[in-house]
Structures are given as structure tokens and as C-alpha cells.
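A.B. asks: Okay, here's what each chain looks like letter by letter:
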Amino acid sequence: MAGIYLHIPFCKKACHYCDFHFSTSLHYKDQLLEAMHREIELRAGLLPEVHTIYFGGGTPSLLTDAELSTLLQSLNKHFKLANDVQVTLEANPDDLNFDRLMALKAIGIQRLSIGIQSFHNEDLIWMNRSHQAKQALQCIEDAVEIGFDELNIDLIFGYPLLSDEKWTSNIQQALSLPIQHLSCYSMTVEDRTALSYQIKKGQTAAMEDGQAARQYLMLMEAMEAAGWEHYEISNYCKPGFQSRHNTSYWQSEAYLGIGPSAHGYLNPERYWNIANNAKYMESLLAGNLAEEREYLSEDDQYNEYLMTRLRTSAGITKADLEKRFGSDAWPLLLSELELYRSELGSEAVASAFSLTESTLSLTRAGKLLADSHIAALFRA
Amino acid sequence: MEHIRNFCIIAHIDHGKSTLADRLLEHTRTVDTRNMKAQTLDDMDLERERGITIKSHAIKMQYTLEGKPYVLNLIDTPGHVDFSYEVSRSIAACEGALLIVDAAQGIQAQTISNLYLAIDQGLEIIPILNKMDLPGAMPEEVKDQIVDLIGCSRDEIIPASGKTGLGVDAILEAIVNRVPAPKGDPNKPLKALIFDSVFNSYRGIIAYFKVVDGSIKTHDEVKFMATGRKYDAEEIGALLLDRKPTPEVKTGDVGYIISGIKEAREVKVGDTITLINNPTPEPIKGFEDVKPMVFAGIYPVDTEDFEELRESMYKLQLNDASLVFEPESSVALGFGFRCGFLGMLHMEIIQERLEREFNMTVITTVPNVSYNAYTTDGEMNIVRNPTDLPDPSKLIKVEEPYISASIITSSEFVGNILSLCIGRRGMLKNQTYLTPTRVELTFDLPLAEVVFDFYDKLKSLSKGYASFDYHPIGYQESKLVKLDIFINKQPVDALSAVIHRDRAYEWGKKICEKLKELIPRQQFEIAIQAGIGAKIIARESISALRKDVTAKCYGGDISRKRKLLEKQKKGKKRMRQVGNVEIPQQAFMAVLKID
Ligand SMILES: Nc1nc2c(ncn2[C@@H]2O[C@H](COP(=O)(O)OP(=O)(O)OP(=O)(O)O)[C@@H](O)[C@H]2O)c(=O)[nH]1
Ligand code: SF4
Ligand SMILES: [Mg+2]
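Residue numbers (the numbering used here), protein chains in the order written: chain A, 177 to 556; chain B, -5 to 589.
To spell it out: a stretch of chain A is covered by chain B in this simulated footprint if at least three of its residues, at any positions, have a beta carbon under 8 Å from a beta carbon of chain B; those stretches are:
1) 383 to 392
2) 467 to 480
3) 518 to 525
4) 541 to 553
Simulated from the structure, these hints should not be mistaken for laboratory data.
A virtual CB, placed ideally from N, CA and C, is assigned to each residue, including glycine.
So that you can see chain A by itself, here it is in the shape it has in the complex (with noise of 0.2 Å):
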């Protein structure tokens, strides 16, 4: 099902993790709406149908309703929507106050994806986020009763303050709301952020993998016992409740992005724009698109697929890889992993992957090395 993310870079103030594109200054904010307007004439008709559409950021819920809406327009203008299309908007608690949730429902938003993190003020404060526990209680309390369609929340685990027990609770508490997707990430410390530099002046303890393992263990038999599913690495839904605009992501089909940093990909080519609001806007305004573009290899095409497939519940088939990549994929797959049992030793590969005659997806336990037992399997 194909999708357009939409790139909105600004949020209100910089979250001590966070390595996304955005800014913090807004004042240049109609310029840049206006270049992403541009972009959308410039790419139009590129997808034959639209099925999701998600703003993303950033932080969407920064811009006002009017806007959001003026984008929406210029889509259904210069694409074509499919009936049942699915908007989605990230948003900060802080920015949702229930006469706010309205005006979003009002305008078409279906599905709100809201950043929570954490249900703890002193988790929220450390990490330097905008809001308070307490609003991301009531934002999804007055979702609900306005009659969103899904909600999503996001939360974070691994990080130095959150005990087994505080992270329990949270997962307890995202449970116990009438959500039907949750997003769960484990603290990454990226170059150039804050983290990285608290960490090296000594002001922050780094992030200790053990403690990951543990808590994204927890989670995912947490989230098996209350009846979820685990589709993706770091995506729980009840029951068909997956996320469509993601799902098109790991499916391998085709997207557009717009606005500065967002990528998109129409087979075999993906695209990024420049991450970088001046330079975005200076060359949409003068007409012209501020892409960089990539032809992707054979080789390239199946180290993705590989990669997000694995990343999936369902894993690799092999009807569907072999329709993809020949008759012979299926057995070559085989022969790789036959390598890495080889080079790592039976058991541990067993433990790590399920295998059956026709499927192969990575376990509980391979799901906590996805990465190395992912590039194991690659074409190099």
C-alpha cells in the first residue's frame, strides 16, 4: 500500500537523544511549508494510489490546523487518494488539549502516533522532553472520547534511570489504555547528541546492554501474555491493528517523502532530501527538488528485503522470496546460514532463527542480536 510521509522539522526543544532532522526555530515556518507545497506539485502523480498518508518529524503538532489541512489539500489535489486512506500524525502530548484534538479530527486526521516515552516525570525530565506524564494520560483519555480511530504511543526503554520495576509499570499502564499500537524503542546513543556528550563528560551513565536485553525481554512476553502481536522488532498492535503506513515500509513498496530529510523510494531508486531547512527551501523555492538519489543493486534489493523481512514476525517465505529473487534464493539463503551455524556454532544459530520448509524468522532470542544475525545472512 503505498504512502507519503510528510517531514515536518521543528519541535518546541531538542530531546537530549534525539538525532532527527529538525529545528527549534519556527519563525521561518510559512517558507518552508511553501517549499514542501512545491515539492508536492513537483513529485505529483508519482504514486498510482494513496492508501496513508503520516506527518512526521519533528513534531507535526506543531503546525496548526489550517496548515496541516492546506496540506492535505495539496495531496488530494495532485494525487490520487484511495477511499479508505489513513492519515496519521505524530504529536507531543503537550501540544493535544481536547478543543486541539478536535480540530485535528475535524480536518481528516485518523490516527494520532503520540510521543509518551515514558509515564515518569523525572524519566521525561532527563530526557529533556515538553511534556508532563500526567498530559499524556488526558490526551488519550480526550482521543478517545472525540473518536480517533487508533492511537499509537511510543515508549523507550534501557536508559540508565528506568528500573525493571518503572518499566514494568509502564508497560502495565500502556496496557491499560484503550490504545491498539505501541511503538517501543531502547535507547540509542547517537553521534552528536546531547546524550553522546553527557556520556563522555561522565554526566550520564552509557546505556548498558544487559539491561536492554532484560527490559526488551520483559516487553515482548509482556505483550504476548495481554494477547499482542509482536509484527515487527519494535512495533506491538492488537490484533489487525498494524501500522499501514509502516507495514508499507517493510513490505518493500513504494513511498514518497517530502520535506527536508524525508527519503523516499520507488523501486529500484530511493531518493533523501536534504536534511537541511536553508538549503531545502532555497532550492525548492527556485523550482527544483533537493534529492540525492541511489540505484539499488540486486545485491542491495535483497540485503533490504532480508533486512526488513527479518525484522518482521513473519519473516522470510520462500514463495515470496524466490518470486522475488529466483529459484535459487531460497536454497542460497540456506547455504548462508549453513555458514554462519559453521562459524557460530549450531545451537546458538538454532536459537536465533525458526526455520521451517518454507519460512524463516528470527526468535525471541535472535530478535536481541537482529543486527548481527542479519548481516550474517547478507550478500556482501
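Mind docking chain B with the ligands on chain A? Use the hints.
C.D. replies: Same frame as chain A, now just chain B with the ligands:
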């Protein structure tokens, strides 16, 4: 022949040989201004990146003095000790040498050792006081030093600057007037000395030679006397910035020959070229064999590349006659070569050149010197690989090579240098004040203590004001032990080292710590141990990797993420597996990075 002058430029490292050569090339219009860059003759990427000369480089210049045309064959040489073999071969093709001395630094250790190489070959020495433009230049003082050293008169010394061009005319005139023309006999049979060679993937092997007697013409039937091989001189010519084919290279001149030789082993530097139908009776006395100072194993990362590595080493040897190697095998690394080098920089350069010029990915093992091991059965074994050290129960004694080191420095650093040398098991033999502030210290030191990082340490504790030169003085008995490294209980022979007994504990501990840093975490715990015989003296462990999944993998991240994982997979290809532990290439050199 009267119009030919063959000369080389010799000096201590960085005294400005290649820069001065630029000025000579410019003045004689040998190189177009648009092809000129700083140190034009340093044309290897490695030379440019490191800012040092690694290879001698010969080039022909035309020069007119008082209406008479001359051919000046210049050879720029490297200054670093590890490349002194390049200098000695260049000297063999010359009748004169420009001895460059940095006017701010004065005479340094390699000024002296390279000067003696030239004097021993009977070269005419033209002393040049370079870098006169520097504010710190001390012309009078350094002139005194030069006069003391070579016994010339003060006004034979030419003040110059490679930066401003000062002295270039005087130097060119001195080359014509003071360097003798070559003395060969044009009427005798051809006799030419091969002083260098290089492998070219299109043309095969190119040999550089100097004609001593007779002359050589295109399509002459020639013979290389040491190998006995015969060839057609397909192309001969002169060495300009590129090769320039000419019909003949005459007596006393320098040139190159291409004769369709593809097999690297057929050409030996030091060999004599002569004509098949009119051979010279006597070959030229070749070069002395090089005596390597350090030995290390070089192994292909991919075991299948062994034969290709062998071919590459032969080809590299053509261009670096100081590289010696013989096949060996290691339990951990499979088949490879034990190589001898003139020093650590040489070893590093060889590894780099194999990777860059021949596309080989190699592992270099911990370097060591050569030991003499005496066993109970009355034999003396030469040990160039720590694994070959006989079992302690059979060992009577082990001897290691010693050197006499000469260090010239300023008196304020004497204290620091004394403690460094004594820490390295050195014995002070002599201390001479060259001037009230310049001291020459002479030490006897075990070679093993100086080959690794001694020079770096010396430079840093003397703020760069110490120069260092050494020569071997034979073997002495020492209390040496073999230190083995075990990874997950398996001995890794390529990491074994021979160490003085008093330092084994400290060393074992440090090497374990270093390996812990260099071996990436893997999916299981890794135990690293150091032991002497059966006794473990140090241990470290690397905890298992518990989690390595990147959380987000959306839209754009997919590409970036894929590349990261591809890099991870490629990185593994540069590792060696011992048991099931992946050991990265650089871990095998860990020892070098230990303080
Ligand atoms: N001020 C000044 N600097 C110089 C002069 N000649 C060379 N240099 C600098 O000294 C450094 C070394 O110069 P090179 O010409 O590479 O010295 P070299 O003797 O060829 O060095 P090796 O071949 O590595 O032994 C460079 O940074 C030059 O720019 C000079 O006459 N004056
Ligand atoms: S709100 Fe989101 S995009 Fe903005 S800084 Fe925080 S984590 Fe990053
Ligand atoms: Mg040089």
C-alpha cells in the same frame, strides 16, 4: 661522457632534499611548471600522504654552463633510516653527492651515516647549507660542524634554500665543476648496473641501470649476468618525469630497459647487463645483502590468496630490494610469509603497499628480532618466529641482537634520554660534547628494545631535538621467555612474543588489556590469557554481546541501516577466526600500541 654528471642528494630526514630537487628541476626546466608541485619526485601516494620520501627517484636534467650542454642525472634519496638501503644503491650509480644540512638543525645522525656511505663509495661530496631562509638558521655554527665532519673549507659550503631558490645556480655550477664525469670506457663491451626496478602491469618489469662501460641500443640482445637470462632490449630510454624512449644509452649515463619480462624473479637489483655476443668478462660487484632488523609474519586475510600474495611480494620486492621473505605457516593464520624489514616504518610501508598497489588484504603479526637459541643437543637455532623457540627444558641459553646506538641531542635532554635508554636495558658507553650544548651519547641496547617505539619516545621526550642512528654489534645472552596468548583457551601462535623475563608480567597484562580493547564483543564471552609455558600470568575477559538491534528502521533509515550492516559484514572479512572468535587484523599488531 665528459658532459655527464651523476649525483644523488643525501641528508638526514626532512632536511629538504626533495624540495631542493624541485628547485633544480625548475631551474633546468626539466618539469613543466604546470606539473610542478611540492616535492614533485615524491610521486607515490604514500609519500605524499606522509610527507616523506620512501623510494629513491632518478631523473635526467639538461643544463648549459658557459655555452656547454651537460646532462645531469639526479637521484633524490630518502632520509629515514629504514630506507638507507635505497640510499646505498643510489650512491652506486653516482660520482657525486649533495650533502644537505638543515641550517637550523645542524648535523644529525643520518647526515653522518649517509655521508659515510657516500665517502666509502668514493663520491665527491658537495656540502649544502639548506633552509637558510629559516629565522632559526645558524649558518656559522653549522658550517663549523660541516667543516669538522668532512674537512672541507668553509667556502666550499653552498648556502641554499629550497624555499626561496637561494643557491640553485651555485649548486648546478658546483655539480658540473666539482663532480667528476663518469669514468667508463665506451669501447669496452657493455657493462651496466641494475640499481632499481619496478613492476608495471602493462609493460612488465622495468629495470633502471647505469651504463659503466660500452653502450646499449634498442633491440640489442642482452644478458642479465646473475640470472643468466637473455632478452631483446625492446625499449630503452631516459628517465624524465616519465620514461622517454631513446635509441641508445651511452657510457656513464642512466636509463631504463623494458624487455618483456613478466616474471618478477628474473630481475635482481645489483645484477649486471651485458651483450650476448660481446659480453663483459667481469660482472660488477653487486650490492651487499640487506640485513633485516625486524621480522614479522604477513598472511593473507583470505587463506585462498596465498599464491597471489606470493606473486605480489615478488613484484614488490622488485621495487624494494630490502624486503626479504620466506614461506611459513601458523596454526592460527594458515600459510603466509616470514618477512624481514629494516625497521617498523619499513614494515608499515610494505603492508600499505601490498594493500594499495596489489590489492591484498593482509594480517601482519607481532614483529620480533632474530634470536640465537642454544639447545642441550649442542645446536644453535636461529629463531625468527617466537613459535620456533625450543622448549624451555631443552634450552641452554638464548641470545639476542644488540646494537650500538648514537644519539645526538641538546644537553638539556640528556637526563630524559638516559632514563629512557636505561629503561630499555641500555648501557651508556660514551658521552661526548660536540659543542658546549650538543652531546653525542653512545649506548649498547638490545635491538628488540629499540625497533618498536623507541624513536617515537625519543622524539617526544627531546621535543624533536634528538637524532638517532645505530648499527648491529652482535649477539648477547639475555633472560628471555616466550609469552603465549590464549583466546578461549586456544593458543594463538601469531600473537606469541619473546620477552625479557623481568618484563613478562607487565607485558602480559598490557597485551591482554589491549586485546580486550581491540577484539569486538561477540555473541559469547571471550577469555583472553597470557602465559609462560603452562603458567597463566594475566587474564581478561570480554563479556558477551547481549543486544545489538537498532530500534528504528523506517523509510530513509533502511538504506543507511543496510549500509551499516553491510559494513559490519565486510569488517568481518578482515578478521580471522580463532576457534569461533573473530579477531580483527589490527589485534595482531596490538603489541606495538602498548606503552
Ligand atoms: N623554510 C624552509 N622549509 C623547507 C626548505 N626545504 C624544505 N623545507 C620544508 O621541510 C620539510 C621537509 O622537506 P622535504 O623536501 O620533504 O625533505 P626531505 O629531506 O626530502 O625529506 P625525506 O625525503 O623524507 O628525508 C617540508 O615541510 C618542506 O616544506 C627550505 O629551504 N626552507
Ligand atoms: S520531539 Fe521527537 S523529533 Fe523532536 S527532539 Fe524530541 S524526539 Fe526528536
Ligand atoms: Mg624527500
